[in-house]
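Chain order of the listed sequences is U and W. So for the first sequence, my numbering puts the first residue at 1; every next one is plus one. So for the second sequence, my numbering puts the first residue at 1; every next one is plus one.
These are calculated hints, taken from the structure and not from any lab test. There's no promise every hint is true.
[Said to hold, decoys possible] Lysine to any residue pairs mimicking SDA-like chemistry, simulated, CA-CA at most 25 Å apart:
(1) W/K178 - U/D230
(2) U/K51 - W/E106
(3) W/K178 - U/K284
(4) W/K178 - U/G233
(5) W/K178 - W/L168
Computed from a prediction, not measured in an experiment: that's the story for all the values here.
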Amino acid sequence: MRLAILGAGAVGRSVADLAPEYGHEVVALADSSSAVVDPDGIAVDAALGRKDGGDALGASDPEDVFETDYDVLIEATPTTLGEAQPGFSHVERALADDRHVVLANKGPVAERYEELRALETESAGSIRFEATVGGAIPVCSTIEDCTPQSVSAVRGVLNGTANFILTRMAAEGLGYEHVLAEAQDLGVAEADPTFDVDGTDAALKFVILANVLADGGFSLDDAEVTGIQDIPGSALDLAAEDGLTIRLIGEATREGVRVGPRLVPENGALAVTGTRNIVQIETKNAGSLHNSGRGAGGPETATAVLSDVGRLPLR
Amino acid sequence: MSDRADSHEEPAEDDEPETDGGLQAHTVRLELVDEPGELLRTLEPIAERGANLLSIHHERGNITPRGHIPVEVDIECPPDRFEGIVDALREAGVNVVQAGANRYGEEVNVVLVGHLVETDLSDTLSAIEDSPHTSVIDLSLAAPEGMDAVSSARVRLAVNTGRAEDALATVREIADAKEFCVVEPLPGGET
């Protein structure tokens, strides 16, 4: 397939890098200010080299991407809340042109799911968004394979930063602020870790999962969200007395979305350590399935994007 | 096996061994007020209904936050009488924390974080116990920064089966009013 990639951050770049390995061709790559477009395939390394050197990615305008002859639009611009712009408009435009869209951007899928599905119905193109939930871990596709109606709930850890902090606090008996600073030094936590530690990032992912289970109806406002900022080391110590630990756990069902610090068995499946993520898919007829792995990172998330591209019907 | 069924031996149901009432052992956990005669009052409904008393474990040294004494009673009776015995205990005003394997009771752990001491911890525990079918059976408090700073408490609740969500809702309400953070257990699924 011919890919047009919007967003040249960690995910967009990795998709461009890995596309040939998966048998696809990149015909356009854009960041917010410029684009490189070539119907015969762009020179990815050269374009990214220019960007790294402080120059424009290419000579074209980001708008030109939509005029290119592409099969799949890869929406990998930063996640925005509320109206989820400009991501939503990008998807709208590609679908109006009967192109497929694969999203790595959580905003449109979490905040405007029904509108996305309505646009998809009107289009010959289809949308997929495996990369929005759990990085490399196949979550949406597993639910799709089980069929959403046979899944009663999805629970788990979908924020590596919060999980890293809680793991270190429990293991080292250190306080929240101390471990957060350490996580920032290691590059595990961003300079502004608000959305990771206050539960927003995990909530967006579980909202998406609730939308998949219930075929829409949820946005971030419908989620009940509590962060981990107020969890002292002593709470983890007390939990450990009973063989329990605390993790930032999300739950998505057809009834709602809830994210907050929860008690889980210390040696249970959901108590993954470090930045690892896990989802537990509770099925009606086959018990629970657990998928675990790397929930973030450029190449990791790009593999989810490219797997989605492979699942699309040929145009 | 059809040739066997055709043979005119005793019908299958007559081969079933006669059960002698099928005595079964049950454990009942109670919380008693620390007053003379309380234990005797508890044992009466058990004896009156023809159950065998196997053992009594009176945990004097393990008083609950409300000042009650946990008592564990093992009895033996036919399965169909057990429920009547538990009902009779409850009617007699005995606080039955848990009865039978998982039939009546389940335990729920929560961790509370906040100004637990300043906001009157014993009032918090009483308020939790005001929730129907809920009883506080264990408490650990950690206040490494001192009693007037943020502290954590692990509270183990015994609730009647199917009532865990009610009990947690009560805890959430109390926590909202007193501005605690509640770390709840995660129900469901296989771990």
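(request) Mind checking the alpha carbons of W/K178 and W/L168 for me, to see if they're no more than 25 Å apart? (result) Holds, at roughly 15 Å.
(message) Against the 25 Å threshold, does the CA-CA distance of W/K178 and U/K284 hold or violate the hint?
(response) 38 Å, violated
(message) Holds or violated: W/K178 and U/G233, Cα atoms, limit 25 Å.
(response) 21 Å, holds
(message) Next pair to validate is U/K51 with W/E106; report whether the Cα-Cα distance is within 25 Å.
(response) Distance ~60 Å between U/K51 and W/E106 Cα, so the pair is violated.
(message) What's the verdict on W/K178 and U/D230, does the C-alpha distance respect the 25 Å limit or exceed it?
(response) OK: W/K178 and U/D230 at ~15 Å, within 25 Å.
Hint violations for this structure: numbers 2, 3, all remaining hints satisfied.
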